[in-house]
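K.L.:
Given the structure of chain A, go ahead and fit chain B onto it with the hints provided.
Below are the chains, spelled out letter by letter.
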Amino acid sequence: MVPLNWYIGLSIVIFSLGVIGFLTRRNILIMLMSVELMLNAVNISLVAFSHYLQDLRGQVLVVFIITVAAAEAAIGLAILVSLYRNKGSVHTDTLTEMKG
Amino acid sequence: MDQYLLLPLLPLAAFILNITLGGGLFKNKAHWIAIPAVAGSFILAVLCFIDAVQGKVVNENVFTWIASGTFQVSFGFLIDRLTAVMLIVVTSVSLLVHIYSVGYMHGDKGYYRFFSYLSLFTFSMLMLVMSNNLLQLYFGWEAVGLCSYFLIGFWYEKKSASDAGKKAFIVNRFGDFGFGLGVIMIFLYLGSLQYADVFARVGTLQGQTVSLLGYQVDLITLIALLLFCGAAGKSAQFPLHVWLPDAMEGPTPVSALIHAATMVTAGVFMVARFNPLFILSETAMHVVALTGAFTCLFAASIALVQNDIKRVIAYSTVSQLGYMFMACGVGAFGAGVFHLYTHAFFKALLFLGAGSVMHAMSGGLDIREMGGLKKFMPVTYWTFLIASISIAGIPGLAGFFSKDEILWLAYNGGTVGKIAWLTGTLVAAITAFYSFRLIFVAFHGKFRGTHEQEHHLHESPSSMTVPLMILAIGAVAAGWVGVPAVLGGSNWIGHFFEPVLGHPHVSGGHEDEWMVMGVSVAGALGGIFLAWVMYSWKPALSDALMERMKGVHRVLLNKYYIDEFYDLVIVRPAMWLSTNVLMAITDGKIIEGIVNGVPKSIGNFGERLRKLQTGSVQHYGVVMALGLVVVLAVVTVWVLP
Chain A
1 MVPLNWYIGL
11 SIVIFSLGVI
21 GFLTRRNILI
31 MLMSVELMLN
41 AVNISLVAFS
51 HYLQDLRGQV
61 LVVFIITVAA
71 AEAAIGLAIL
81 VSLYRNKGSV
91 HTDTLTEMKG
Chain B
1 MDQYLLLPLL
11 PLAAFILNIT
21 LGGGLFKNKA
31 HWIAIPAVAG
41 SFILAVLCFI
51 DAVQGKVVNE
61 NVFTWIASGT
71 FQVSFGFLID
81 RLTAVMLIVV
91 TSVSLLVHIY
101 SVGYMHGDKG
111 YYRFFSYLSL
121 FTFSMLMLVM
131 SNNLLQLYFG
141 WEAVGLCSYF
151 LIGFWYEKKS
161 ASDAGKKAFI
171 VNRFGDFGFG
181 LGVIMIFLYL
191 GSLQYADVFA
201 RVGTLQGQTV
211 SLLGYQVDLI
221 TLIALLLFCG
231 AAGKSAQFPL
241 HVWLPDAMEG
251 PTPVSALIHA
261 ATMVTAGVFM
271 VARFNPLFIL
281 SETAMHVVAL
291 TGAFTCLFAA
301 SIALVQNDIK
311 RVIAYSTVSQ
321 LGYMFMACGV
331 GAFGAGVFHL
341 YTHAFFKALL
351 FLGAGSVMHA
361 MSGGLDIREM
371 GGLKKFMPVT
381 YWTFLIASIS
391 IAGIPGLAGF
401 FSKDEILWLA
411 YNGGTVGKIA
421 WLTGTLVAAI
431 TAFYSFRLIF
441 VAFHGKFRGT
451 HEQEHHLHES
461 PSSMTVPLMI
471 LAIGAVAAGW
481 VGVPAVLGGS
491 NWIGHFFEPV
501 LGHPHVSGGH
511 EDEWMVMGVS
521 VAGALGGIFL
531 AWVMYSWKPA
541 LSDALMERMK
551 GVHRVLLNKY
561 YIDEFYDLVI
571 VRPAMWLSTN
581 VLMAITDGKI
591 IEGIVNGVPK
601 SIGNFGERLR
611 KLQTGSVQHY
621 GVVMALGLVV
631 VLAVVTVWVL
641 P
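Here the protein sequences come in this chain order: A and B.
Numbering follows the working numbering, with no gaps: position 78 of the first sequence is 78.
Numbering follows the working numbering, with no gaps: position 596 of the second sequence is 596.
So here's chain A without its partners, still in its complex pose (with noise of 0.2 angstroms):
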């Protein structure tokens, strides 16, 4: 038996992970990764909460995340497919028209 906090560990490691690629990165397609990599290490301290607790709403809320997640995937790839073709590149460097 894994203990919790090995679980824990885990979701922290990949978290922190997908946080520090979504902020050091320029290239969209990889932040959308680290995106979906921050939102993964959730799912797994959920699911490891569920099992600890008994408690069978945790993986419910999963399913939900790696639908929501899913959906978000689909919709960021077609921006992005779409900004590609646009500008040529989507590199967040080059996308400045938002820029006070």
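These are calculated hints, taken from the structure and not from any lab test.
For lysine to aspartate or glutamate, the following EDC-like pairs were computed, each having C-alpha atoms within a straight-line distance of at most 16 angstroms:
1. B/29 <-> B/108
2. B/27 <-> B/108
3. A/99 <-> B/607
4. B/166 <-> B/142
5. B/446 <-> B/366
6. B/611 <-> A/97
Sample of chain B residues facing chain A (criterion: CB under 7 angstroms; computed from the structure):
7. 615
8. 617
9. 618
10. 621
Which chain B residues stay away from chain A? Per the calculated CB distances, all over 10 angstroms, these:
11. 28
12. 178
13. 221
14. 364
15. 368
16. 385
17. 508
18. 568
19. 592
20. 595
21. 639
Quick reminder that beta carbons are idealized off the backbone N, C-alpha and C, glycines included.
P.N.:
Relative to chain A, chain B alone:
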């Protein structure tokens, strides 16, 4: 009731039609709207006059105009004998001027605009004379001033015309300021603006004083003088006369209608209308009489040397208005209004005649370039001559009867009256002189203009000459209603006005009356003779005299330098204040400072704020993550335990 309402509304309707549709629809047929309207008003005015002769007095309120607490003003009509005569004067002269304008303004690009302003003026003037309360009078008063401004500056592309319009408007502000204060004081002390109430209660003010700048001033005198301020402005009396000669920049029919026959007499009408108030204050009466007498002499002396035909007539108007005030000031309100009525005809005729001359001279106004016009334009000549004889006061014509009535009643009016009489008699001679100077210089002798102008000389079209002829009949016959008793008449008009304007005091006998009449007629004949000698028989004489009295001539030619004086004392300081204080400091620094400063500081703030918006998702992400850390830290450290 309805017919009285229709009287001013007909010209108003014509104005609305012409101003809205004139430019597109009527164009050079605008007179087909304006003339029938004013003709309708004229017919109604005649009906009113017939009623008034039978002694009918209409005093009705049509509707409530303003109701605010105790301040009640209704919109109503008072048609008594004074109003009835004014109605006849206004509508008849207006009608003739309308007809004349068809010829005079032919081909002008503002044709419809001209007729709409004339209609608006007629409406306003009718409102002024028909009003039964002070506020409506004030409304008409300002509205005629506005029309006068429009029409003086009718040819607004011309700088001198638009300047003259502004001058007329601004000078009138000075007078109207006093008039407005007078109206307010009447309401404050009498609680009503209806003539009937005011005249009924005015006696209660007798003996009351009011503190003004530390002095105790008689209340009635103060009110009367404030009202007279307005009258002096509108009727171009001495300190405020400067606008009227400049107003001649407007089209000549306007000069005839507004600046000779009707609007400028509004002041006289107002003083006559308020005779129950004025007679209670001896001081105010003296001021009115002496202002009138002074203006009369002052303006006549300027008219002696002017070379612009319209300006001579304009100064003559100022002078004749002085006569009317002189009459009012000595208590002869009836005589004043009688002169107003005869003056309207012969002065309108003089102006329209001058317009006809201008028409032939292609706009030339200088009498030194005219001469010998008699044979080119006989109708204009004869009608002009009739008007001149009338204004000179030769027995039998209109001007004689009214002028003689004024002089005779002034003679009976105590010390001030005697001064007025002496001035008036002297001015009668001067008037005859300058009127006939015009006749001899412009119409007799040889033509002195260019050859081209001479070739162009012609009599005016019949739309212009017919009004001249009709007015000439008026200039001859208008006075026959006031033939004095010594000449076998009954002075019908004097008795006609008695219910409204009172009965002037007469102490002298028939011999005195003959003397007064004889002196003024002799003066007038002397003036005409002198004019003939100097300008027809021996023209060298006038040049020699001009040479001898160079200084006097220059002062008169420059109108006593009054304009220059006002320019120095009022206009320049006002301009200085405007440009250096109001424009540079108030507007430039304070207002612009606020107006520009507020957006500038907001802009600066925004400039700094926009630095936060880098447009880079990562920055937002960092801030979000750090924010989350802070929130979590706060929750774990302070909230949870």
